[in-house]
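Novice: Residue-level listing of the chains:
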Amino acid sequence: MRALPELFDVRIKARSIAYLFGAGALLGLLTLVFPHSPEVNDLALVLLASSAIVVAAVVWASGDHVRDWHIHAVLVSGVLIVSLANYYAGPTTLYPLLYMWASLYAFYFFRPIEAFAHMTVVGVSYAIVLSIQDPDSAIVRWLLAVGTPLLAGLLISSLLRRLSERAQQLETSEVRTRLVLDTAPDAFITLDRDGVILSWNAAADRLFGYPASEAIGRTMRALIVPPEFGERHDERRQALIVSDSPLAAESFEVEFVRRDGSRFPGEATVSKVDIRGQVFVSGFITDVTERVRREAEREALLREQAARAEAERVADLVSSLQALVDAALAHRTLDDILRELVTQVRGVLDADAATIYLADEGERLSVGASTPGEIAGGDEFADTVAQAREAMLSGDDPATEGGRLVGVPLLAEGEVTGVLVACGTPPRVFGGEDLTLLRLAAERVGLAIAHARVYEREHKIAETLQRSLLPDHLPTLPGLDVAARYLPAASEAEVGGDWYDVIPMAGGAVGLVMGDVAGKGLAGASMVGRLRSALRAYALEGHDGARVVEQLNRLLWTEAEDSQMATMLYVIVDPAANSVRWVNAGHPAPLMVVAGEPGFLEGAGSVPLGVLPFPTYEEVSAPMNPGSTLLLYTDGLVERPGENIDDGMAELAARVREAPEDPDALCDHLLATLVPAGGAMDDVAILTLRNLPVPERFTAEFPAEPESLAPMRSMLRRWLSHAGADEMEIAEITTACGEAATNAIEHGGASGGTSFEVSGSRNDREVELAVRDQGSWREERQGDHGRGLDLMRTLMDSVGVEPTDEGTVVSLRRRLGAGGGSA
Amino acid sequence: MEDLVQVEIEERDGDDVVVARLTGELDIAGAERTGLRIAEAVPSSARGVVVDMTDLEFIDSSGVSMLFALARRVSSRRQELRVVAPAGRPVARVLQIVEFERAAPVHADVNSAVAEIA
Chain H
-3 MRALPELFDV
7 RIKARSIAYL
17 FGAGALLGLL
27 TLVFPHSPEV
37 NDLALVLLAS
47 SAIVVAAVVW
57 ASGDHVRDWH
67 IHAVLVSGVL
77 IVSLANYYAG
87 PTTLYPLLYM
97 WASLYAFYFF
107 RPIEAFAHMT
117 VVGVSYAIVL
127 SIQDPDSAIV
137 RWLLAVGTPL
147 LAGLLISSLL
157 RRLSERAQQL
167 ETSEVRTRLV
177 LDTAPDAFIT
187 LDRDGVILSW
197 NAAADRLFGY
207 PASEAIGRTM
217 RALIVPPEFG
227 ERHDERRQAL
237 IVSDSPLAAE
247 SFEVEFVRRD
257 GSRFPGEATV
267 SKVDIRGQVF
277 VSGFITDVTE
287 RVRREAEREA
297 LLREQAARAE
307 AERVADLVSS
317 LQALVDAALA
327 HRTLDDILRE
337 LVTQVRGVLD
347 ADAATIYLAD
357 EGERLSVGAS
367 TPGEIAGGDE
377 FADTVAQARE
387 AMLSGDDPAT
397 EGGRLVGVPL
407 LAEGEVTGVL
417 VACGTPPRVF
427 GGEDLTLLRL
437 AAERVGLAIA
447 HARVYEREHK
457 IAETLQRSLL
467 PDHLPTLPGL
477 DVAARYLPAA
487 SEAEVGGDWY
497 DVIPMAGGAV
507 GLVMGDVAGK
517 GLAGASMVGR
527 LRSALRAYAL
537 EGHDGARVVE
547 QLNRLLWTEA
557 EDSQMATMLY
567 VIVDPAANSV
577 RWVNAGHPAP
587 LMVVAGEPGF
597 LEGAGSVPLG
607 VLPFPTYEEV
617 SAPMNPGSTL
627 LLYTDGLVER
637 PGENIDDGMA
647 ELAARVREAP
657 EDPDALCDHL
667 LATLVPAGGA
677 MDDVAILTLR
687 NLPVPERFTA
697 EFPAEPESLA
707 PMRSMLRRWL
717 SHAGADEMEI
727 AEITTACGEA
737 ATNAIEHGGA
747 SGGTSFEVSG
757 SRNDREVELA
767 VRDQGSWREE
777 RQGDHGRGLD
787 LMRTLMDSVG
797 VEPTDEGTVV
807 SLRRRLGAGG
817 GSA
Chain X
822 MEDLVQVEIE
832 ERDGDDVVVA
842 RLTGELDIAG
852 AERTGLRIAE
862 AVPSSARGVV
872 VDMTDLEFID
882 SSGVSMLFAL
892 ARRVSSRRQE
902 LRVVAPAGRP
912 VARVLQIVEF
922 ERAAPVHADV
932 NSAVAEIA
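In order, the protein sequence lines correspond to chains H and X. In case it helps, the working numbering puts the first sequence at residues -3 to 819. In case it helps, the working numbering puts the second sequence at residues 822 to 939.
Excised from the complex, chain X in its bound form (with noise of 0.2 Å):
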């Protein structure tokens, strides 16, 4: 079966932003794999990253664990992470209840989270 989470890399400014943007349902099954390949998009020279979830229907605690994990990624290598996840939709409450806003900035949209970065 194919993969319920897709994922689209997309670079800003040069190569200075890498947007991933995830669509689909993020869970268990694809959790690893999809912060595994947003990891890798992600160069060394990039100043941040941005995880656009703005088309994501659902994610659960895998989701939120492979989030939290790409955020001690990013900020050990001096980068930033940015998440989007516009309010009122089911991942922004999943996000609030487990309290990511204390690993990295939750934005409503992926132009003011790029824009954060650089």
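Chain H with its partners taken away, still in its complex shape (with noise of 0.2 Å):
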């Protein structure tokens, strides 16, 4: 506390009642000086001025521990000791002065109200004075010492409490702005008109490092404006000191300059202060470094964000097309992913529509996939994309600053392989982003639809190389139906190592084969080949199934390169025994149905060819009545990805069951039904028999031709086996048809008849076969032919030869049971 309030100081109020006492004491001994009235006790005064002395000293000296009620004792003491030289000194005008002077100090430092009491203590003191040395004129003379200082005082005494309070008031004001301003965490500055600094707080030292003694005075372009932007400063503030508004204020963010010629960015908030008339500009300027860096931070976060995103998407897409290129480079053919690749390029792009244009080799371009459908114009675009060989826009629209259709050219090794283009309807167009990523995609998709192609007529090589080891043509087999259906795998461009084959033997048995060698393209195609045709020399020669499965592994084993394997199963059907009989080397079982109920052939399984040196085959036989049905298949029906094969084989067998009994319809039943649609991952291979029911009576029909006879005799031997013949009777029956046969073909064929025709019947014991053809029927003569006639003669009971107009028909006639024929 300072100025005004030092007045009202303890200290003070000590001090000058101090100077009180000494003067009042000082006064009384001056009065001893001068001649006066005998009657005076000059002792009594000399003693009461030299204890005001004393008093004073006391004051004084005590300094800071005054009291406030020290100062009042102090005070009537003072009162008394007048009083009492009043008294000594007799009536004189100089007392009552004194008394004004307390009453005056009493005024001066105390409250009216202590003040009134100290007035009082006065008054009565005088009072009794007065009483006892004048009593004539007291009440004059009282009036005059005590109401002087009392109106005195009492105006005193307000005026010091106005002033007081006024002081208190812009102490307290001034000190709290003060202390706002120098404990603001931005600085604070003042300028005049020109720029001239008035105020500086705190902050402002902090903040530049000028004290306020240094800042003060100087202008601010000086100090702390950069040199390039002083002009602008001064303008600045030109126009803020002469903008109507009284209160005009601005922010703005400026570059400032540090004593120590740092500079930082700051952030200034000025405006206009106009006191009468007095124009100031102040401001509070903000260091904004930390700002600014948190903010060029979280530019380059969300810079870097976004950069990573884009990353991710081109990532993305570029991980899809891979995908898609890799999928196509394993299974897929062209069409998949043509149709992949217009479904992920409309995805990713977010277009309405995709096409690829594919080249032929006169680089003329035709739609190879479109989704949804094709896009208008689009055409014409991608003949312009593919002469420029440059991913580019097109917009109808010149309005729009993208492109409508978007278009990339795919190459591949430098050619023009097709071209991709890609639609949208506004607002949804194409700019520089999605040329990008198109121009990103295109190279890895050109490729992919080059392997695709390539893939595919590799593919198309590889099935016609698969389909030239199976058989081109089933055989007629007399009894039984054969189908079989061979699926290569989707998009597999290896060649398929499964193969099967039909070989009708002798005795009208017929071998049936499905394998599958493990090691694709050529090495197991041409594995393929030589099993096929090793298989069916050996079983030709006669040789039972398992010794014809044991040279065949002989010849994997030996000859076959890098361990070469395979799967085989080898059955041999003979429908004259009515049985069957099979060796498996690890092929999944075959199956047999059996009145409409499939079930697998277990039994007789061992290790593929090519795995051991020696390993042993064994052959199994299981009946096989007319009716049933055998079915071999290699593992691509009943393999899928993720399942366990038995249960492929369960399901192999239920789709069996509610299948025709028909070989072809149960074929095509079990590739509908157990093929994907997009085809299968492995080549599938069916082979179906079906040892058809022995009719009572039948009728067949062979071409006029030798290799007729062979299976026209198993056909023969299957009927007459069912029909109760026993083995010699089979044999003989067959062999005089046979020459029947012989004879129809000789000379039917001769007379350009292209078939015969042979029909049986039974009744009861008896058989009854005519053998009908399109010849004139030669007479028999000796030798070769005549021994023909012979035979049947002697091997029938009767034989017939009737000439008609369209042939000749022999008819031939023998009695079972009867111990062989009239010979």
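One or more of the hints may lead you astray.
Pair ranges (Cβ atoms, derived) [unchecked claim]:
id, chain 1, residue 1, chain 2, residue 2, range
1, H, R811, X, L857, 39 to 47 Å
2, H, A533, X, S865, 28 to 36 Å
3, H, E697, X, S865, 56 to 64 Å
4, X, S865, H, L608, 40 to 48 Å
5, H, L608, X, L857, 37 to 45 Å
6, H, D722, X, L857, 32 to 40 Å
The hints are simulated quantities; they were obtained by calculation from the structure and are not laboratory data. Beta carbons: idealized from backbone N, C-alpha and C, even for Gly.
If you follow the hints, you should be able to join the two separate chains into one complex; please do so.
Specialist: Now the structure itself:
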């Protein structure tokens, strides 16, 4: 606390009362120096003055320790001293003056109520003194001595109070403002209209490095504004000053210079202050280095996030296309690739439609795939893109910046293999980003398509090669119905290793082969070819099944490269004996359908071919009655990714149970229900053979060629067997009928006939056969052919030759169980 | 289609006797070829030929004619023909009916046939 309030400080009070006492004492002593009435008791006065001086000295010396009540006590003691002095000195005007001073003092230093108390003490004391010394004029002198200081004291007191209050208010307000500005985190600077600094707070000191003492009086421009911004600083200040609004304020970011020369970005909020026509500019300046840095960091972060998102998007696109390419290389057909590509591209670009145009050898473009439909005007645009060999945009609406169509050439080894075009409806238009993405994608897509085309071609070659290893057509087997299917794996460029074969054998038996060579490609295919030929040779040599398979194993073991192996099933169906025999070299078990109920032919399973040098293969047999169906297949039919093969076989049995009996229909049904729509993962081969029910009577037509004889005999044996003929009867009747058929082929064929017909019927124990040809019967003659007729006549009970208009009918009759022919 | 009849040639006693083993079914489709195959397999130095039909499932008049022709050819070269066809089998029955014994002896087993020539 400074200035006015100091007047009311207790020390001031103490000193002033000390002065008062001192002055009073000196005054009293002074009166003794001048000539005075002898009535005056000098000694008393000297003692009183001395006591006043002592009090003054004590008060002075007490200094800071003086309390208010000390002052009051001293003041009262002073009044007593003055009253006693007055009493001893006699009536004089000098002492009322001292009373006045005491009164004024009371009013000066104490509140009015306390001052009044002192006035009372003074009044009473002086009244007593007057009543003793000068009873005549007592009232006038008393009123003068007490009234004057009372009025003056009241006046002084009132003035002082008001002064003190104002001072207090000012002090408080200034202190508060100072406090605010000095503790403010932001620099606060006030300038006059010329830019000279008028105020400079503590924060300004901290911020700029200049203490207020150095800053005040200099221009802001010279002190903290970078030279290049000086002009602007002045302009801005002038603009603010001349603005109409008395409270104009603005905020801006600008660079400042510190005392050490370093610069920093600051935010200044300045306002114009107009105080009675005097204009100032004041402003807060905040160091926004941190904020700017954070903003920069945030921006960098956002940019990085955006870049990462962009990179991820591109990576997503590339990876999805890459995945597509991988899929294409593995399994898919060109059509599948194209379809997936347009779908993918449409999704990635958020396009309405996407089309891939493929270039043919003449580089003419045609639609390869499109989703959901062809793009209007897409073909012309695709031509333009192919010509330019560069990704480009095309817009119907020039107002939009992007393009309605975006197109990219698909290049492979520098050749345009196609063009990818996508189309959007405004507001979806394509821009540079889409171009970039498509360029990235196009390279891979172009290669994928090129690969797919190559693979497609290779696949066709492979398929042709594979099919050439399979029988062109299945042999006609009397009494048996055979059907086969071969389905290459979907988009598998490798040559499949599946093969099957049907081998008619002596005695009417038929060999069925179903195999799967593990190796694919050309090596696999050539091995299939060798196994197939070898098996036919071994089988026709009359070896039993197990021996045939052992020989094949030997072939594979000794000759195959890279430890090639194969699974194989070799089945011999003997319809005459109504039996089936099989040897299984690691192949899925065949399925036999008896009375509509499928069952796997287990047993006889052994290792695949080519695994061991001398494995043991065993031939197992089972009855196979007319009406039964045998099904051979490769694992492609029952194996599905992620599925147990047992489930696949159970599924196969279920599908067979519901399938029609006819072998062709059975094959079709199995392919339709077991092979996925897009094609199987592996090759699928199916071979079915149905042992047809034997009828009471039959009619069969054969081509008029020697090769028809074996099937004819085979059929006949079966029929005879069913009719109850014993082994010798079957052989004899078959021989006789064979002679008739040979005649039919030789004579009928020579007469231009193309076929002959064999029919048979039985009546109780008698069988009757008829062989009809389309030629005329030659008269028998001695020699080879006469021998045929001899045989017939010997082997049968009766032989009739009947020429008709269409040809010749040879009838043969024989009673079974009669013990041989008539000869 | 593969031939129904298969021919395996084997030489016994050095190259003195040629054994032709027939399997499958012998009819007009394979008779002529089979005859040629056997004739070619018999060198002029051989004393004879044995046609082993033990495992032949079937023979018809074409096959029989081939055998007769073979017998004539062998005999013109002063060589011997023997056929093997165990009794009770369809082939033996046919040979019996056409009285093939008139052209060449029919044996029940290969070893006796070879022994006869030797």
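Novice: A separate judgement is required for each hint: does it hold in the structure or not?
Specialist: Here is how each hint holds up against the structure:
1. H:R811 / X:L857: 39 to 47 Å: Because 40 Å falls inside the window, the suggested range holds.
2. H:A533 / X:S865: 28 to 36 Å: holds, 30 Å
3. H:E697 / X:S865: 56 to 64 Å: At 47 Å between Cβs, range violated.
4. X:S865 / H:L608: 40 to 48 Å: holds, 47 Å
5. H:L608 / X:L857: 37 to 45 Å: holds, 41 Å
6. H:D722 / X:L857: 32 to 40 Å: holds, 36 Å
Consistency note: the structure conflicts with earlier hint 3 alone.
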